[in-house]
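S.K.: The residues making up each chain are set out below.
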Amino acid sequence: MSRPEVPSVIFIGQPNSGKSTLFNSIAGSKAETSNFPGTSVKHTHSRVSIEGRLLDIIDLPGAYSLCTTDPAEQAVLSHLFGERPDLVVNVIDASTLGRGLELTLELVELGYPMVVALNMIDVAERKGVRVDTAAVERALGVPVVATIAAHGRGVKELLDRAFDVLAKGQIAPPRRYSEDVEAQVAELAESLPGGFPIVSNRRFTAVKLIETAGHACGDFLGEVEPVLREAVDRVRRKIEERRGSPAYEVIAAERHHQAMKLAEETSRVEHGRRLTWDKRVDAVLMHPLGGYLILAAVLMAFFVIIFEVGSPLEALLLGPFNALKAALAASLGDGLAFHLAEGLIQGVGGGVAIVLPYFLPLLVLMAVLEDLGYLARAGFLLDAFMHRIGLHGKSVSPFILGFGCNVPAIMATRTLESHRDRVLTSILIPFIPCSARTTIILALVAFYLGPLWAMGFYAGNILVVALLGWIVSRFLKEPSPGLILEIPSLKTPRPGSVLRKTWLQLRSFIKFAWPILIGGSIVLSLLSSVRADRWINDVLAPLVVRGLGLPHELGVTLVFGFLRKELSLIMMLQALGVDYRDLMSVITREQLVVFTVFISFFVPCLSTCAILWKEIGRKWALVSTGLSITVAVALSALVRLLL
Amino acid sequence: MSYPRGDFHGPASRLYFRPLIPYNSAPEFTIMTLLEAPRNTSLRIVELSGGENVRRRLMALGFHKDDIVVLDGQALFRGPLLVRNCRCDTTVAMGRGVAQKVLVEPVHEPA
Numbered sequence: 011m012s013r014p015e016v017p018s019v020i021f022i023g024q025p026n027s028g029k030s031t032l033f034n035s036i037a038g039s040k041a042e043t044s045n046f047p048g049t050s051v052k053h054t055h056s057r058v059s060i061e062g063r064l065l066d067i068i069d070l071p072g073a074y075s076l077c078t079t080d081p082a083e084q085a086v087l088s089h090l091f092g093e094r095p096d097l098v099v100n101v102i103d104a105s106t107l108g109r110g111l112e113l114t115l116e117l118v119e120l121g122y123p124m125v126v127a128l129n130m131i132d133v134a135e136r137k138g139v140r141v142d143t144a145a146v147e148r149a150l151g152v153p154v155v156a157t158i159a160a161h162g163r164g165v166k167e168l169l170d171r172a173f174d175v176l177a178k179g180q181i182a183p184p185r186r187y188s189e190d191v192e193a194q195v196a197e198l199a200e201s202l203p204g205g206f207p208i209v210s211n212r213r214f215t216a217v218k219l220i221e222t223a224g225h226a227c228g229d230f231l232g233e234v235e236p237v238l239r240e241a242v243d244r245v246r247r248k249i250e251e252r253r254g255s256p257a258y259e260v261i262a263a264e265r266h267h268q269a270m271k272l273a274e275e276t277s278r279v280e281h282g283r284r285l286t287w288d289k290r291v292d293a294v295l296m297h298p299l300g301g302y303l304i305l306a307a308v309l310m311a312f313f314v315i316i317f318e319v320g321s322p323l324e325a326l327l328l329g330p331f332n333a334l335k336a337a338l339a340a341s342l343g344d345g346l347a348f349h350l351a352e353g354l355i356q357g358v359g360g361g362v363a364i365v366l367p368y369f370l371p372l373l374v375l376m377a378v379l380e381d382l383g384y385l386a387r388a389g390f391l392l393d394a395f396m397h398r399i400g401l402h403g404k405s406v407s408p409f410i411l412g413f414g415c416n417v418p419a420i421m422a423t424r425t426l427e428s429h430r431d432r433v434l435t436s437i438l439i440p441f442i443p444c445s446a447r448t449t450i451i452l453a454l455v456a457f458y459l460g461p462l463w464a465m466g467f468y469a470g471n472i473l474v475v476a477l478l479g480w481i482v483s484r485f486l487k488e489p490s491p492g493l494i495l496e497i498p499s500l501k502t503p504r505p506g507s508v509l510r511k512t513w514l515q516l517r518s519f520i521k522f523a524w525p526i527l528i529g530g531s532i533v534l535s536l537l538s539s540v541r542a543d544r545w546i547n548d549v550l551a552p553l554v555v556r557g558l559g560l561p562h563e564l565g566v567t568l569v570f571g572f573l574r575k576e577l578s579l580i581m582m583l584q585a586l587g588v589d590y591r592d593l594m595s596v597i598t599r600e601q602l603v604v605f606t607v608f609i610s611f612f613v614p615c616l617s618t619c620a621i622l623w624k625e626i627g628r629k630w631a632l633v634s635t636g637l638s639i640t641v642a643v644a645l646s647a648l649v650r651l652l653l
Numbered sequence: 032m033s034y035p036r037g038d039f040h041g042p043a044s045r046l047y048f049r050p051l052i053p054y055n056s057a058p059e060f061t062i063m064t065l066l067e068a069p070r071n072t073s074l075r076i077v078e079l080s081g082g083e084n085v086r087r088r089l090m091a092l093g094f095h096k097d098d099i100v101v102l103d104g105q106a107l108f109r110g111p112l113l114v115r116n117c118r119c120d121t122t123v124a125m126g127r128g129v130a131q132k133v134l135v136e137p138v139h140e141p142a
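Chains as they are written, first to last, in the numbering used here: chain D, 11 to 653; chain W, 32 to 142.
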């Protein structure tokens with residue numbers, strides 16, 4: 011953890027304000043960035059050295075306000091309130107200044123030293139809004155710097171100002187509400203008992219008590235004492251009687267009007283509402299008819315591109331590894347040394363030649379879709395369909411992320427407000443074919459039977475997810491709160507950001523998954539060298555041979571698939587003792603499909619199980635696992651019958 | 032463009048009052064749910080009804096009473112509405128259930 015003399019700087023802003031881009035342009039290559047899933051969805055922590063001065067910078071997930079019911083956003087609060095930072099960098103999307111300032115005003119009330127980054131100033135200008143940075147600074151009383159994080163503009167000035175504030179400990183004066191509200195806030199602030207945990211200052215604590223009273227998120231301020239509770243209720247009632255609406259609404263409205271006034275005073279609309287390119291593109295992307303055609307085309311292109319890039323690469327890369335193996339077999343004979351070397355080559359070669367050719371293009375395309383802002387649009391288009399399976403459009407984004415990897419997808423369900431939606435989405439995500447399963451589907455089904463089979467496989471898979479959703483939602487009757495999903499403005503994906511995202515995922519594959527692939531291959535090689543794999547195969551024979559009609563040797567590969575799905579593919583080749591290109595000489599088309607179906611639906615990999623357990627609890631994780639096994643066995647049997 | 036738009040026969044829309052006066056004859060007095068409101072017309076939010084959670088969420092996303100919003104579109108198959116807040120230029124996809132809880136009135140202002 012950080013030493014006390016290294017100042018900690020928290021980056022906070024509303025979702026899609028470009029906060030992480032700004033963070034990365036500062037953390038960049040100067041420091042090793044580590045992602046660790048903590049209590050928040052994911053916060054990134056970096057120690058950077060800027061002109062010889064160390065800073066601990068922390069990127070928190072986006073939050074719309076400091077008074078929230080969203081579990082992901084609540085993690086932001088506990089971090090912000092719990093570990094008092096030395097400086098807050100508030101990132102605002104200048105193109106939606108009015109709304110961004112609402113969070114800024116809340117942060118000003120919090121009263122920590124603060125710098126504001128008026129980000130995406132170019133987007134605002136494109137929309138015809140010119141923001142007077144100096145005027146915003148005068149009005150807020152904290153340094154405000156215009157930035158374009160995507161191009162690194164304004165970052166240096168922001169850091170200079172940040173060091174300045176760190177040195178001076180500059181704190182902005184909070185803005186006052188209307189007199190009647192302010193009087194009530196002051197009354198409550200004074201009646202806070204001595205031992206009560208004050209967050210930053212009495213006024214802020216009082217405001218938050220009023221705003222959150224009677225609400226689930228009220229407990230973040232600690233156990234409210236009965237006397238204080240009475241005082242809070244009295245103050246709240248007074249505000250409500252006077253204004254005729256709930257106290258939290260009154261305070262939110264006060265802040266909203268302050269923010270709007272500030273935005274209107276400090277920005278000028280230069281030209282009328284021009285139809286900018288992104289609005290025009292959006293009109294097409296979300297067109298009631300064209301939108302769906304584009305969505306279908308996007309998903310289709312997604313898989314076609316991955317396959318078209320992956321399969322030639324795969325064929326190209328497999329050659330050298332096979333030649334190496336043949337050479338080793340000739341020189342080492344059939345001893346232990348050969349088995350060790352064979353396992354190593356299978357593991358390394360499988361990773362390079364079979365997994366990466368499909369995995370890499372998938373990561374790149376995923377990052378492009380994410381950066382473009384297409385996931386939210388897909389959510390809008392698919393909301394009606396999601397209602398049929400008891401969910402709504404907000405679950406679309408985690409589902410699509412699931413095509414990359416199920417683990418971050420399950421973590422992304424934290425953005426769903428209701429627990430029921432989170433559970434249902436998390437149970438269904440393991441059925442989404444992640445990149446590992448996509449590799450298997452493309453490398454086996456598409457490669458041997460043709461891309462149309464793979465398309466059919468995907469269609470069938472989505473149908474299974476829909477059907478399961480429909481069935482499980484019958485048991486989870488609790489009503490869903492309905493869709494409220496922000497549609498961020500479209501952004502041209504930048505190569506830098508796409509490469510960075512791809513690299514982060516790739517690095518975690520190299521770090522965690524690849525060693526498992528190599529280790530698994532070596533273990534299988536050693537098992538087969540002492541003929542121990544036969545026992546496992548014998549034990550599993552009733553299921554594998556009689557139930558699924560697969561070759562006896564494949565039993566052991568199904569067991570290892572639990573560690574990593576790709577491992578099953580690599581071990582399959584190894585267990586059958588054939589070259590990838592000669593696979594069809596030892597198994598039939600039906601067996602290939604049954605194997606793929608079983609591997610795809612059978613218990614998700616170890617990491618997915620672990621994250622399910624952590625996120626939705628043991629009971630639901632077991633339900634999901636049980637469902638996986640049932641579905642895998644039932645579907646495989648069905649496919650066997652049909653083919 | 033056809034007025035008024037939205038489902039007048041759905042069971043849920045009966046929970047709220049429907050416009051008694053035809054909208055095009057006296058628009059300034061007409062209060063309706065967002066679900067029934069016309070497209071591409073400036074609408075003033077009269078009230079955010081519904082549960083506290085929904086209201087808090089809407090407010091966090093910058094939708095407050097008296098804000099001017101415009102309906103930009105709607106997805107197929109009774110899908111969500113695309114609502115743009117003109118004051119801060121943010122767009123939100125709003126499920127029909129949520130849209131039904133937002134009461135608006137058309138205003139004479141170019142969209």
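These are computed hints drawn from the structure, not numbers from a lab.
Fair warning: there could be bad hints in the mix.
[Claimed, not checked] Here are the computed lysine-lysine pairs in the DSSO-like style, where the Cα-Cα straight-line distance is at most 30 Å:
| id | chain 1 | residue 1 | chain 2 | residue 2 |
| --- | --- | --- | --- | --- |
| 1 | D | Lys335 | W | Lys96 |
| 2 | D | Lys289 | D | Lys501 |
| 3 | D | Lys487 | D | Lys521 |
| 4 | D | Lys487 | D | Lys501 |
| 5 | D | Lys624 | W | Lys96 |
| 6 | W | Lys96 | D | Lys289 |
| 7 | D | Lys178 | D | Lys166 |
[Said to hold, decoys possible] To give an idea of the chain D side of the interface with chain W (calculated C-beta under 8 Å), a few residues:
| id | residue |
| --- | --- |
| 8 | Glu259 |
| 9 | Gly300 |
| 10 | Tyr302 |
| 11 | Ala306 |
| 12 | Gly492 |
| 13 | Leu632 |
| 14 | Gly636 |
It should be emphasised that the depicted structure is a prediction, and the values quoted were computed from it without experimental measurement.
Ideal placement from N, C-alpha and C gives every residue a C-beta, glycine not left out.
S.K.: So, for every hint listed, does it hold in this structure?
M.R.: Right, here's what the structure says about each hint:
1. Proposed proximity of Lys335 (chain D) and Lys96 (chain W) is contradicted: the alpha carbons are some 71 Å apart, above 30 Å.
2. The suggested pairing of Lys289 (chain D) with Lys501 (chain D) holds, with an alpha-carbon distance near 11 Å, which does not exceed 30 Å.
3. Our distance criterion of 30 Å between C-alpha atoms is broken by Lys487 (chain D) and Lys521 (chain D), whose separation comes to about 41 Å.
4. Restraint check for Lys487 (chain D) and Lys501 (chain D): not satisfied, since their Cα atoms lie roughly 38 Å apart, outside the 30 Å limit.
5. Taken as a hint, the Lys624 (chain D) and Lys96 (chain W) pair is broken in the structure, with Cα atoms around 40 Å apart against an allowance of 30 Å.
6. Our distance criterion of 30 Å between C-alpha atoms is met by Lys96 (chain W) and Lys289 (chain D), whose separation comes to about 26 Å.
7. As the CA atoms of Lys178 (chain D) and Lys166 (chain D) are separated by approximately 19 Å, the hinted pair is consistent with the 30 Å bound.
8. Because the beta carbon of Glu259 (chain D) sits about 7 Å from the nearest beta carbon in chain W, less than 8 Å, this interface hint is met.
9. Because the closest C-beta pair between Gly300 (chain D) and chain W is about 11 Å apart, greater than 8 Å, the hint is violated.
10. Using the Cβ-Cβ criterion of 8 Å, the hint placing Tyr302 (chain D) at the interface with chain W is satisfied: the shortest such distance is roughly 7 Å.
11. Because the smallest distance between the Cβ of Ala306 (chain D) and any Cβ of chain W comes to about 13 Å, over 8 Å, the interface hint for this residue is violated.
12. Interface hint status for Gly492 (chain D): upheld, as the beta-carbon distance to the closest one in chain W is roughly 4 Å, under 8 Å.
13. Hint status for Leu632 (chain D) relative to chain W: violated, with the closest Cβ pair at about 29 Å, above 8 Å.
14. Taken as an interface hint, Gly636 (chain D) does not check out: its beta carbon lies about 31 Å from the nearest beta carbon of chain W, beyond 8 Å.
Checked against the numbered hints given earlier, the structure breaks hints 1, 3, 4, 5, 9, 11, 13, 14 and satisfies all the rest.
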